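Okay, here's what each chain looks like letter by letter:
Protein chains: 2
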Amino acid sequence: MNLSEQILDFGRHARQASRSLAQLNSAQKNDALRAMADEVIASADSILAANEQDLTRARENNLASAMIDRQTLTNERLAKMAEGIRQVAALPDPVGEVLRTWTQPNGIKISKVRVPIGVIGIIYESRPNVTSDAAVLCTKTGNAVILRGGSESIHSNVAIADALQRGGAKAGLPPDSILLVAQTDREAVRLMAEMDRYIDLIIPRGGHALIEAVVSHARMPVIKHAHGVCIIYVDEKADLEMACEIIMNAKTQRPGVCNAAETVLAHRAIAPALFEKLAPRLTSKGVELRADETAFAELRTLGYEKLQSATEEDWSTEYLDFILAVKVVDSPNEAIEHIERYGSHHSDCIVTRNEELAERFLREIDSATVYWNASTRFTDGGEFGFGAEIGISTDKLHARGPMGLEELTTYKYLIRGDGQVRS
Amino acid sequence: MNLSEQILDFGRHARQASRSLAQLNSAQKNDALRAMADEVIASADSILAANEQDLTRARENNLASAMIDRQTLTNERLAKMAEGIRQVAALPDPVGEVLRTWTQPNGIKISKVRVPIGVIGIIYESRPNVTSDAAVLCTKTGNAVILRGGSESIHSNVAIADALQRGGAKAGLPPDSILLVAQTDREAVRLMAEMDRYIDLIIPRGGHALIEAVVSHARMPVIKHAHGVCIIYVDEKADLEMACEIIMNAKTQRPGVCNAAETVLAHRAIAPALFEKLAPRLTSKGVELRADETAFAELRTLGYEKLQSATEEDWSTEYLDFILAVKVVDSPNEAIEHIERYGSHHSDCIVTRNEELAERFLREIDSATVYWNASTRFTDGGEFGFGAEIGISTDKLHARGPMGLEELTTYKYLIRGDGQVRS
Numbered sequence: 000m001n002l003s004e005q006i007l008d009f010g011r012h013a014r015q016a017s018r019s020l021a022q023l024n025s026a027q028k029n030d031a032l033r034a035m036a037d038e039v040i041a042s043a044d045s046i047l048a049a050n051e052q053d054l055t056r057a058r059e060n061n062l063a064s065a066m067i068d069r070q071t072l073t074n075e076r077l078a079k080m081a082e083g084i085r086q087v088a089a090l091p092d093p094v095g096e097v098l099r100t101w102t103q104p105n106g107i108k109i110s111k112v113r114v115p116i117g118v119i120g121i122i123y124e125s126r127p128n129v130t131s132d133a134a135v136l137c138t139k140t141g142n143a144v145i146l147r148g149g150s151e152s153i154h155s156n157v158a159i160a161d162a163l164q165r166g167g168a169k170a171g172l173p174p175d176s177i178l179l180v181a182q183t184d185r186e187a188v189r190l191m192a193e194m195d196r197y198i199d200l201i202i203p204r205g206g207h208a209l210i211e212a213v214v215s216h217a218r219m220p221v222i223k224h225a226h227g228v229c230i231i232y233v234d235e236k237a238d239l240e241m242a243c244e245i246i247m248n249a250k251t252q253r254p255g256v257c258n259a260a261e262t263v264l265a266h267r268a269i270a271p272a273l274f275e276k277l278a279p280r281l282t283s284k285g286v287e288l289r290a291d292e293t294a295f296a297e298l299r300t301l302g303y304e305k306l307q308s309a310t311e312e313d314w315s316t317e318y319l320d321f322i323l324a325v326k327v328v329d330s331p332n333e334a335i336e337h338i339e340r341y342g343s344h345h346s347d348c349i350v351t352r353n354e355e356l357a358e359r360f361l362r363e364i365d366s367a368t369v370y371w372n373a374s375t376r377f378t379d380g381g382e383f384g385f386g387a388e389i390g391i392s393t394d395k396l397h398a399r400g401p402m403g404l405e406e407l408t409t410y411k412y413l414i415r416g417d418g419q420v421r422s
Numbered sequence: 000m001n002l003s004e005q006i007l008d009f010g011r012h013a014r015q016a017s018r019s020l021a022q023l024n025s026a027q028k029n030d031a032l033r034a035m036a037d038e039v040i041a042s043a044d045s046i047l048a049a050n051e052q053d054l055t056r057a058r059e060n061n062l063a064s065a066m067i068d069r070q071t072l073t074n075e076r077l078a079k080m081a082e083g084i085r086q087v088a089a090l091p092d093p094v095g096e097v098l099r100t101w102t103q104p105n106g107i108k109i110s111k112v113r114v115p116i117g118v119i120g121i122i123y124e125s126r127p128n129v130t131s132d133a134a135v136l137c138t139k140t141g142n143a144v145i146l147r148g149g150s151e152s153i154h155s156n157v158a159i160a161d162a163l164q165r166g167g168a169k170a171g172l173p174p175d176s177i178l179l180v181a182q183t184d185r186e187a188v189r190l191m192a193e194m195d196r197y198i199d200l201i202i203p204r205g206g207h208a209l210i211e212a213v214v215s216h217a218r219m220p221v222i223k224h225a226h227g228v229c230i231i232y233v234d235e236k237a238d239l240e241m242a243c244e245i246i247m248n249a250k251t252q253r254p255g256v257c258n259a260a261e262t263v264l265a266h267r268a269i270a271p272a273l274f275e276k277l278a279p280r281l282t283s284k285g286v287e288l289r290a291d292e293t294a295f296a297e298l299r300t301l302g303y304e305k306l307q308s309a310t311e312e313d314w315s316t317e318y319l320d321f322i323l324a325v326k327v328v329d330s331p332n333e334a335i336e337h338i339e340r341y342g343s344h345h346s347d348c349i350v351t352r353n354e355e356l357a358e359r360f361l362r363e364i365d366s367a368t369v370y371w372n373a374s375t376r377f378t379d380g381g382e383f384g385f386g387a388e389i390g391i392s393t394d395k396l397h398a399r400g401p402m403g404l405e406e407l408t409t410y411k412y413l414i415r416g417d418g419q420v421r422s
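These protein sequences, in sequence, are chains A and B.
At position 117 of the first sequence (counting the first as 1) the number is 116 in our numbering, and the numbers step up by one without a gap.
At position 384 of the second sequence (counting the first as 1) the number is 383 in our numbering, and the numbers step up by one without a gap.
Since the hints were made in silico from the structure, they are not lab data.
Values in this document were obtained by computation on a predicted structure and should not be read as measured data.
Be a bit skeptical, because a hint or two may be false.
Any copy, or any two copies together, can satisfy a pair, since identical chains are not distinguished.
What the hints assert, rightly or not - Mimicking DSSO-like on lysine-lysine, the simulated pairs with C-alpha atoms at most 30 Å apart in a straight line are: (1) LYS111 <-> LYS223; (2) LYS236 <-> LYS305; (3) LYS305 <-> LYS284; (4) LYS108 <-> LYS223; (5) LYS223 <-> LYS305; (6) LYS236 <-> LYS111; (7) LYS284 <-> LYS111; (8) LYS276 <-> LYS108; (9) LYS108 <-> LYS236; (10) LYS276 <-> LYS236; (11) LYS169 <-> LYS79; (12) LYS305 <-> LYS276; (13) LYS284 <-> LYS236; (14) LYS79 <-> LYS223.
Based on the sequences and whatever the hints tell you, model everything.
What follows is the structure in structure tokens.
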């Protein structure tokens, strides 16, 4: 079979599996999940051996040590993976929930009920954990899944998917519920993206090139997990200590993630006081600043060392690093305009004690999550209390922001009548 | 400006308009809608003159009289259009609704609130009423809209859009909230579909070629309003009189719509009795039958005149006409398999007095609307009590089945804290 035939074959099999899977009750799905967790542990040796192959290649390719660490599996990390699977098994099942039910004047009873989406394609790069996370969340919600991970973790991905399939099979999960495309060339992405007959939704998680490959070919809905240019506006009425805490947390607690802050806008009236308070803390974390003219002058006066002039490009750059763009604005209006123009509509924040202004900011900023006096780092399924997340959608439709189990379902209408016809 | 620049310019202007539009309150939007209704009436002469141009061309092209009738506007039809707009103004506004609100253990308050989608592209064919319907529903929900209607009604569409724009402007609707692409070549469709920077959602309503042009080019979410192969299964435990009523209604009350039935599956045990009861009624409406071998034999015995043997193609054909495919099945399982294989997952029905089987059918059939003992013709926003509908989605994500005002919105999360940071 060539790649095209193989992807089509995966599609057919996944579609078939999704029909059986959709009919499993919660207990059956949870049994399968627990069996999958057990099998990950039972297969630890083979998974670690596969991982070692990936790591050898990574070392040969001189990958950065942080990257190698992300790819590394250990017995402890596998135990955590299994524990994660058991936690998902323990979560409530959204499938079957009656979202709304009503009776029309003619007597037909209409119910809107949550059902699985069907077949979900997940295309990702890097960490092998995603293989388990994605497969498990799809199984929980009754969806078949076709996984396509990156080349850097391919042996680990195959070994993990094998273990999940074996475990699931032992507990009666339909065969082909979890399929992994072992070909890591971009062609597989294109073929999946074009197969709207068998894939109902594609979720790409990765860099710009990967997402572009999916978006430009996809015939089915795509929910992108793309970048975050998150912006914090510190208003003239801000509590400066609070503003510093929020900025430090949003920028430095974990700079490599999409909900980390990339830009701070400071109101002209408080900019000097804010910078004075903030500069030593940023310095202690080694944060480089890219400042507009006014901020640059202020920060130079304070003797800030890692300081550069911001270029137009900086305002829309996701650094994912200890770099922060800083700009002084004359008004909340200017801040809102800046955020709408340069931000990525992911997570944006106002720090102020002015409630009226805060409510206006919450209303006018069109981002997936808009904050008043809290760190943008909370944009996360776990922090939202969703129990589990497949990722953070940077799209507007179906799922926006953190995607939990509910966002992996859709609905259908059931109509119960006693012979009604339309007049 | 060439077409490409013009579409881009429309995109930019619509995006700008959508930001202002999203901030209007319900009263402001409803005022604008009523002013739009008034302006449709005030502009009746110019709209009817434009419509006459379209009709002249339709007659020159020898269009079928039913088609010409669909395109024809009259003072009475314009009065209905205006009345429809006023009815939408009177509906509740979904925007701003708090869908859920909760507080996390760390004290952050999370609210999920309904907001407009942004800019919606609507690509349609045929009836000029769609221009008004689509523009009005988008305005009500705070969305800017870029309309692209078909060539057959282009003069009418331009005149109606002009009236809506003028009316809206009088009541303070942001300029460029409603834009109409007057170029009717397919190229405009492609350019719109590729413009994901400015269009958040595209809704194509029309034939297969139109929908394919959108799907193959679209970079943004698409909600298709495609075809319906709706199937009715008459179980051995059916009330035969009810089954006949439902079949006649679903097939003949308005055969040219997507929720009309195209296939009847009859359980072997009741097929002879059903056909005997049904044949004279179908004959009286001139319905042609395409029957499988068993049904063909039964129906020939009954002397049914307009009878043909069904081919494989018939099972997945949307006739939109007085034609019905008929098949005898041995079991509910065979019916369910047939529906999942050949149906379009739009609206499917079981007629039975067996509640257990009915509930199984409702659970197992993966269609937007699944019926027990009622006509498939109820798949309609009005019949669902939605007050208004933009159409019927044949997609699974964001909106499935009838799309009302709520389905023209999305949500964002608002987080109110007092300095929380992530640990």
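Cross-check of the supplied hints:
1. For the homomeric pair LYS111 and LYS223, the shortest alpha-carbon distances inside one copy (26 Å) and between copies (20 Å) are both at most 30 Å.
2. Taking the shortest alpha-carbon separations for LYS236 and LYS305, only the intra-copy value of 28 Å comes in at or below 30 Å, while the best inter-copy value is 80 Å.
3. Only within a single protomer do LYS305 and LYS284 lie at most 30 Å apart by alpha-carbon distance; the minimum there is 11 Å, versus 83 Å between protomers.
4. For the homomeric pair LYS108 and LYS223, the shortest alpha-carbon distance between copies (26 Å) is at most 30 Å, but the shortest distance inside one copy (36 Å) is not.
5. Within a single copy, LYS223 and LYS305 get their C-alpha atoms no closer than 34 Å, and across copies no closer than 52 Å, so neither meets the 30 Å cut-off.
6. Taking the shortest alpha-carbon separations for LYS236 and LYS111, only the inter-copy value of 26 Å comes in at or below 30 Å, while the best intra-copy value is 46 Å.
7. Proximity of LYS284 to LYS111 under the C-alpha cut-off of 30 Å is found in neither arrangement, the shortest distances being 51 Å within a copy and 34 Å between copies.
8. In the homo-oligomer, the alpha carbons of LYS276 and LYS108 lie at most 30 Å apart only across protomers (28 Å), although the nearest pairing inside one protomer, at 62 Å, exceeds that limit.
9. In this homomeric assembly, LYS108 and LYS236 come within 30 Å of each other (Cα to Cα) only across copies, at 21 Å, whereas the closest approach inside a single copy is 53 Å.
10. In this homomeric assembly, LYS276 and LYS236 come within 30 Å of each other (Cα to Cα) only inside a single copy, at 16 Å, whereas the closest approach across copies is 79 Å.
11. When the C-alpha separation of LYS169 and LYS79 is checked against a cutoff of 30 Å, the pair qualifies only within one copy, where the shortest distance is 21 Å, while the shortest distance between copies is 62 Å.
12. Taking the closest pair of Cα atoms, LYS305 and LYS276 come within 30 Å of each other only inside a single copy of the chain (16 Å); across copies the shortest separation is 87 Å, beyond that limit.
13. Proximity of LYS284 to LYS236 under the C-alpha cut-off of 30 Å is restricted to the intra-copy arrangement: shortest distance 26 Å within a copy versus 75 Å between copies.
14. Only within a single protomer do LYS79 and LYS223 lie at most 30 Å apart by alpha-carbon distance; the minimum there is 27 Å, versus 42 Å between protomers.
Figure legend: structure checked against the earlier numbered hints; hints not met, in rising order: 5 and 7.
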